[in-house]
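Undergrad: Could you put the whole structure together from the sequences, leaning on the hints where they help?
Line order of the protein sequences matches chains Y and D.
Just so you know, we're using my numbering here: the first sequence kicks off at 1 and counts up by one.
Just so you know, we're using my numbering here: the second sequence kicks off at 1 and counts up by one.
Be a bit skeptical, because a hint or two may be false.
Between beta-carbon pairs, the in silico distance windows are [as the list claims (entries may be wrong)]:
1. 58/Y <-> 92/D: 53 to 59 Å
2. 272/Y <-> 15/D: 35 to 41 Å
3. 297/Y <-> 92/D: 36 to 42 Å
4. 69/Y <-> 94/D: 56 to 62 Å
5. 418/D <-> 260/Y: 37 to 43 Å
6. 384/D <-> 271/Y: 46 to 52 Å
7. 94/D <-> 297/Y: 42 to 48 Å
8. 271/Y <-> 443/D: 34 to 40 Å
9. 249/D <-> 272/Y: 44 to 50 Å
It is worth saying that the hints were derived from the structure and are not from the lab.
Note that this is a predicted model, so its numbers are computed, not measured.
Glycine is no exception: its CB is placed at the ideal position from the N, C-alpha and C atoms.
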Amino acid sequence: MAERPKPKASKETQPDRSAVKIFLDEVAKAPLIVPVLAILSGLILGGLIVALTTEEVYAVWRTSPLDAIRVGWDAAMSAYSALFNGAIGNPARIAEAFRGGDALEIRRAINPFFESLNKSVPYIFAGLAVALGFRAGLFNIGAEGQLFMGAVGAVWVGFALTGVPAIIHIPLALLAGALGGALWGFVPGLLKAKTGGHEVINTIMMNYIAFRLTEYLLRGPLQRPDSFNPVSPFIQDSAKLPRFFEDPIRFHLGFFIALAVAYGVYWLLFKTRWGFDLRTVGANPNAARYAGMNIVVVTIAAMSLSGALAGLAGANEVLGLNHNLAVAFSSGFGFDSIALALIGRSHPLGVVLAALLFGTLRNGAIQMQVSAGIPIDIISVMQAMILAFIAAPAIIRTIYRLRVPTGVADEIRVRGWGG
Amino acid sequence: MAPVLELRGITKRFPGVLANDHINLTLDKGQIHALLGENGAGKTTLMNILYGLYQPDEGEIFVKGEKLQVHSPTDAITAGIGMVHQHFMLIPVFTVTENVMLGDETTVAGEVLDRKAAAEKIRHISETFHLQVDPDAFVADLPVGVQQRVEIIKLLYREADILILDEPTAVLTPQEADELFGILEGLTEKGKSIIFISHKLREVAKIADQITVIRLGKVVGSTTPKNADENKLASMMVGRDVLLRVDKKPAKPGKTILEVKDLKVTDERHHLTVDGVSFEVKAGEILGVAGVQGNGQTELVEAVTGLRQPFSGTITFEGKDITEFGPRAITELGSAHIPEDRQRDGLVLSYPIADNMVLNTYYQKPFAKGVLLQEKTILETANQLVKDFDVRTPSAMTHVGNLSGGNQQKVIVARELSRPLKLVVASQPTRGLDVGSIEYIHKQLIDRRDKGAAVLLVSSELDEIMQLSDRIAVMFRGRIIDIVEAKDVDKRQVGLLMAGVRGEKKADGKKRK
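TA: In C-alpha cells form, the structure reads like this:
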C-alpha cells in the first residue's frame, strides 16, 4: 500500500467481510446461538453413531460403499423419525385420528406430545435448582438426593393426611416435598458457609444418604402394608395433581406449576434485592463482602432454596404421575439437570427450554427403542455430546467459525462451575 | 554510523483498532530512548512486534542497518534484542543461575547442566555492569529490585545489545528506582542501547536521551528532556493541557473523624502485619499513608473498612467504637471505600455499570422498595453518575468488564463519592491509570476534603502522597514509622522513611504528635 491511510482508517471495515459473515458475527453475540448449534451438532453426531452402529451398513459396504452410505442414512432417519413420533406424535396417525373422530384414538395419537411435557416437569424443577446454585457460585450436585427427599416428604403427606380437600392437601404435599429437599440442601449449605466444606463433596455424600434412607423408609415406616416390595402406599385422591385429559394422557397441573416456579425464580434472581445478593455472591464474592453482603446467610439460603426446587421435582413425580413412591422412580433427573442448567445458561428461561428438549428426547427415545431398535443409550450419548459442546464453546465457535463475543459474562459463569 | 535500531512505518491493526499507525523510531548506540504514552497508547504492542510476539501489518525493522524479519522472540534474541517484561518471568524456586540459564543452557557432555560455568559468566556480567547479584541465591528470597537485576542479567547473558524495559519502575521504591537508573546509565556507557517504556513523566525526563511520545497508536512527537519539561510531555501524551501540580488550598482540619488506637491486625496466615498502629484523621484533611507495598497497608485498610476483624486495638468513628462493625454498618455511617484492587473487590465485572453503581446501596431507598429493586431509579441514577463523573461508555448498561481501567475506577469513584460522606478511605486510587484519569480522581479527592470529609489515602506512589496529603504517615513493616506534616518534608526524606531509615529526619517534622 503506497498511499498513507487517513486517520479515519482506524474504523475501516475489512473488505473480505461478506454479508453472511457479518450476520454470523452478530448471531454469535446472541447468547443462545452456542446451545442451539451444540444441539444441532449433537443431533448430527448422534445420527452418525446410529449409522456406524448399524451392522447392515458394514455388510453392504463390501459390495458398494455408496449403498452403505444410503443404508446408514436410512438407519439414522428411521431412528430420528421414530424419535419424533415418540416425542411429538406420528403426524399421519394424528391426522387419521382426527378424521375418524374417535376421542380415545385422538387422545392416543396426541399422547406422546403431552407425555413429553410431563417428562419435562422434573427437569424444569431440578434444572432450576442447579441453575440457582450456579448463580450463587455453588455447584449443587445433590439435586438427585434432594429430589428423593422431596418425593419422600410429598408421598408421606400425600397418603398419611386424610380428610382434607385437594385445595389444601396438594399445597401441603408440595410444601412437604420442598421442605424435604430444602433440608438436604441446607446441610451442605451450612457446612460450606460455616466451615468451608466443599459443597460438591457434601452434596454427593448427601445423595447417598438420601438413597439409602429412602430405601430404608420404603422397607419400614413408609412401606405399603399389603406389599412385599419397597413401595409406599398410594396417595389420597385429594393429594393428586389434577390431570387435564382422560386416559391415557397423564398431562397434569405440575407442568404449569413448574412454569410458574420458573418465573418465580426469574423474579427472585433479577428483580429483588435478595437476588442481587445471591448473584453478587456468585459473580464476585470479594465484591459481595466489600458491599457488606452476608455471604454466610446467602450461601445457606441459596443451597436451601436450590434443594427445595429439586425437592419439588420429586414431589411432582409422586403427586402428578406415579401416585406412590418406589425406589427407582427417578431416571437420574437430578444428574441430568446439571447438564441442563449449563445448556440453559443458568437462566430460568433457558432452563425451561432445555428441560423441554431433554424431556422430549427422553420420551421419544423410548419409542425409538421400540420401533427402530435403537438402544435408549444413544440419547444419553447425544446429551453428553451436546453438553461437551456447550461446556467447551470454543469447539462450536471453531466448527462454525463464530467470532468470540466481547464481554466477560461467560468467564464469570465458568468460575461458578468450580464452586 | 547506522542507528542500532530503526523502526520504519510500523503499522498493526487489530479488529476495529489501529494499535500502531506508521510508527517510526530510531535508537542510537549507547542511548536511552524513552517511549512515553498512556495506557493503551500502543507502546506495548509496538514492543511486542519488535520482540517477535506480533507480526506487523506494514513496516520494516532494521538492526544495525540490516533489515530484520522477526517471527518469534528467538529471532529477536538472536538479533541481540532482549526484553524485561513488566511482570517478571522468573521461577521463584530456582536460583539466579538456573533462572538465567533457562532457555540457554550451558551443558557438559550434551545433557548435564554446567552451573559452574554459567555462574562464572554471571559473576563476570555482574562485575562488568555493576549488577550485584549472588548467582546461588534463590529468586524467591530476593527483593523485587534485585529480581529485576536478574532479568537484566538474563538479557546480557544472551549478549543482547538492545534492551527493552517495560514499565520497569512500577514495582520499585524510589530508592530502588534510582539504583536502576544508575545501572541503566552504566549499561549505556558500555555501549548497550535501551528502550525505556513508561508513563511516568518524571523518570522519563530524568534519564532519557531521546523521548518519543505515542498517543492512540501514533507518534505525536519526538523530543529530548532539554527541550520539553514535564508539563509539555504530559500535554503531548494526553493531547490537552494537564494540571500536574494538584491545585489545593491549605487544609482546614476540623474535629477528629477516624481514630485508630494501637491497632494490630493479622493476615490469613496469622502473621501480624499491622503492629500497633495509631493515628487520627480529621475532617477536612488528607492523611496520606506512604510505604512500599506489603508493609501492612492492605490489612490496615481492611480493618478500617470492616473487611477484616482486628486482632486488638480500637477504631472509632466520630467517637463511636466501630472496631466490631462490618462493612455495611461502616458504610452507613458515611464512609466511602475505594478499594486497592478494583477488579477483585470493587466491581462485579459481569454486571452492567448501573448495578455496580449501587453495589453497596442497592438495598436502600430509593433503589429498593421492600424487596423489589427499582430498576428505573437505578438506571436513572447511574446515567446521571456516568455523566457527572465522566465515565466513557456507550451506555450505563455496558458491562463494567468491557471498560478500560480508568473508566472502571471512575465507576467506583462515582459510586463511593456520590454519597454524603464523612470519611473517604482511598487505597491505591490511581494505580495503573492514565494521566487524565489520575488528574480527575485527585481533584475529586481534594474536592471531598474541601467539603469537610476526612480522607485516608493509602498509596505506594510517592508522588501521589506528596501531592495530595496534608499529613503523611509512613508505614514500614507493619508500624507507622513516623507521621509528618507534608509541607515540612521532601520526597527524599519520605523515601528514606519508606525504606525504614529514620535517623536523618529533623525533629521538627514530629512536633505535632
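Undergrad: Each hint should be assessed against the structure and marked as holding or not.
TA: Structure-based check of all given hints:
1. Evaluation of the 53 to 59 Å hint for residue 58/Y and residue 92/D yields a pass: the beta carbon distance comes to about 58 Å.
2. Remark: the range hint 35 to 41 Å for residue 272/Y to residue 15/D is upheld by a beta-carbon distance near 39 Å.
3. Distance hint check: the CB atoms of residue 297/Y and residue 92/D are about 39 Å apart, consistent with the given range 36 to 42 Å.
4. Range check, residue 69/Y to residue 94/D: about 58 Å between beta-carbon atoms, so the 56 to 62 Å window is met.
5. One distance hint, 37 to 43 Å for the beta-carbon pair residue 418/D and residue 260/Y, holds here, with the actual separation near 39 Å.
6. Hint check: residue 384/D to residue 271/Y, Cβ distance near 22 Å, so the stated range 46 to 52 Å is violated.
7. Between residue 94/D and residue 297/Y the Cβ separation comes to about 46 Å, which falls inside the hinted range of 42 to 48 Å.
8. For the pair residue 271/Y and residue 443/D, the beta carbons lie near 38 Å from each other, so the given range of 34 to 40 Å is met.
9. The beta-carbon spacing between residue 249/D and residue 272/Y, approximately 46 Å, falls within the hinted interval of 44 to 50 Å.
Of the hints listed earlier, the one the structure fails to meet is number 6.
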